[in-house]
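Since the structure of chain A is already known, use the hints to place chain B on it.
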Amino acid sequence: MINRDVFKMEFRRSLKSLVIWSVAVGSYILLVVVLYPLVKDMYSSMPEELISYMDMVGGIPKNIIEYYAIEGALMMQLAGAIFAALLGFSLLNHDEREMTTDVIYTLPVSRKTFYYTKLLVVFLEILLFSAGVTLFTFVGIISIEKNAAFTSFFSFNLLNTLMLLIMGTLGFALAAVTKRTTKTALSVLIPLPLYVIYFISQLTDNRIVKNLKYISAFTFSDPVTIIKTGDKIAFFTLLAYLVLAFFALLFGCFKFRKKEFFQ
Amino acid sequence: MTIRMENLKKYYGRFRGVESVNLSLNHGEILGFIGPNGAGKSTVIRVLVGLIRKTSGFVEVLDNPPSEITNRDVGYMPSELFFYQELTVLEQLRYLAHIRKTDMIRIEQLAKRLDLDLNRKIKELSTGNRKKLGIIAALMDSPKVLILDEPTSGLDPLMQKEFFTLLQEEKKKGASILLSSHILSDIEKVCDRICLIREGVTLFTETLENLKSEKYKRIFVTPAFTDIKLTGLVLVGQENNQAIYQYKGDINPLLEILSYHRLNDVKIVDLDLEEIFINYYQKEEAND
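Residue numbers (my numbering), protein chains in the order written: chain A, 1 to 263; chain B, 1001 to 1288.
Bound conformation, chain A alone (with noise of 0.2 Å):
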């Protein structure tokens, strides 16, 4: 089910831009975490509108590892997940647009093995770019705290971890079912809402609102829940997109098996 060859091709095509977005993200995340110690000073001066606000976006931290969740991790999660699902999607799509179907798709190799090498790229790539991302975090958190406590941290990175290669497969089984025609920018169209939905649902106290909040991927991986708070994740709505991202994956791989391909 799985080529090597076209799976380092895929690999080496697509590694460019693993190194871009993991470079990028990573670099952000490190300033914003070496910048604690002027920012900790900011914290204990700041207007009670301002605290009020925090409280609502999980409070003023405590130490270094829940500044990061509250500063840093969610805008990681939000270009993470952006990666993800373009990633996926240009992984599927390339060849529709860059019209090498004639070529590629000619080969000696069942379209199941393309779309299940190429789904084996595109979540190595998140686990690599997930684990580059962490390194350059944990470097910047060690760089301002030693003894930091990491076991939450790597918790959350886990699960993170998990909800990227859910957007991933989204993106990935979206190409799947689009024309040649249809621009990469669409599967940014995943995690967008997702996202615009997790951030409203933080900020209001209306109790409908809130709960909306658990149709986001972006819940059941929230860095206050579970590096500063300590509450239970959101399993139901882990458990949801488990299973929608392997249906999508199967219906993904039907259609793909079937689609047609033209110059």
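No lab work stands behind these hints, which were simulated from the structure alone.
Misleading hints may appear alongside valid ones.
Below, a list of computed lysine-lysine pairs in the DSS-like style, where the Cα atoms sit at most 30 Å apart [stated by the list, open to error]: (1) 1123/B with 8/A; (2) 1101/B with 1171/B; (3) 1009/B with 259/A; (4) 1101/B with 255/A; (5) 1009/B with 255/A; (6) 16/A with 112/A; (7) 1171/B with 1112/B; (8) 1171/B with 1189/B; (9) 1009/B with 258/A; (10) 1101/B with 112/A; (11) 1161/B with 1217/B; (12) 1171/B with 1161/B; (13) 112/A with 255/A; (14) 16/A with 1101/B; (15) 232/A with 146/A; (16) 1121/B with 8/A; (17) 1112/B with 8/A.
Quick look at chain B alone, frame taken from chain A:
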């Protein structure tokens, strides 16, 4: 038989791809597949290599429906060639060779014969060099079946000659070749049989000899007598004090009728393949 296609129909939603195509490719033969733009040649070829699915009809390549399994033994060259732009020719060919499980020696030989620099980036290649790359990609493992869509357009005459030599070599090895082309002189050079398609329907499949034996002739008559009447004789033009007729039939009545006229000059020539096909198209259009 390496390719068998009976009553192939392909519709894209409401739009016709092909209506009824019957085609057969025998072992070790070169079949010319010709027709005007939009006739459905590329649709037929895309069905054969599994890029699109038939709406109805029967299609077999090497006794199996088209799939990745039949593609093991099929070398395909599309009319428009796109490769991975950022790779070099060598990297692209190595990738294809690994998947096709063939060695690089043959590729290097083909590149040398076609004068293609393996170290150049694909994005820097001219149309002709891109065609050469397509030819190597299709021929690299000497497949049992070759499906070539407009392979010579963009190649210079020397390379075209080399390409036809390569085709003949593949034929000698036992390959069956489906050659789609607009250039009838190409078809005339190498094909054993010709299949003509128009508006999604195959009109006929014939050997070149049979086609030429239809004995269409063109007659140039000086001065320009435009009133010569004979069954099978049609006035098609007039220029420089010369009347041009087209004739199909026995030569003797023609010579007899011409002898009744006081002529300065008369020239009788066989029609070439292109003119024969134009006649076919016109005949079909008249029938429509």
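If you draw a straight line from the CA of residue 1009/B to the CA of residue 258/A, is it 30 Å or shorter? Within the cut-off at roughly 17 Å; holds.
30 Å Cα cutoff - pair residue 112/A, residue 255/A: holds (10 Å)
Quickly compare the C-alpha distance for residue 1101/B and residue 112/A to 30 Å and report which way the hint goes. holds (19 Å)
Measure nothing beyond the straight line between the CA atoms of residue 1123/B and residue 8/A; if it is 30 Å or shorter, mark the hint as holding. holds (21 Å)
Pair hint residue 1161/B and residue 1217/B, alpha-carbon separation not exceeding 30 Å: Given that 30 Å is the threshold and the Cα spacing comes to 29 Å, the pair holds.
Are the Cα atoms of residue 1101/B and residue 1171/B separated by 30 Å or less? holds (22 Å)
Does the alpha-carbon distance linking residue 1112/B and residue 8/A stay inside the 30 Å limit? holds (28 Å)
Can you confirm whether the C-alpha distance between residue 1009/B and residue 259/A stays at or below 30 Å? holds (18 Å)
Going straight from one Cα to the other, do residue 1009/B and residue 255/A come out at no more than 30 Å? holds (22 Å)
Checking one constraint from the list: CA of residue 1121/B to CA of residue 8/A, max 30 Å. Satisfied? holds (19 Å)
Holds or violated: are the alpha carbons of residue 1171/B and residue 1161/B at most 30 Å from each other? Holds. Residue 1171/B to residue 1161/B sits at ~15 Å (cutoff 30 Å).
Check whether the Cα positions of residue 232/A and residue 146/A lie no farther apart than 30 Å. holds (28 Å)
Checked against the numbered hints given earlier, the structure satisfies every one of them.
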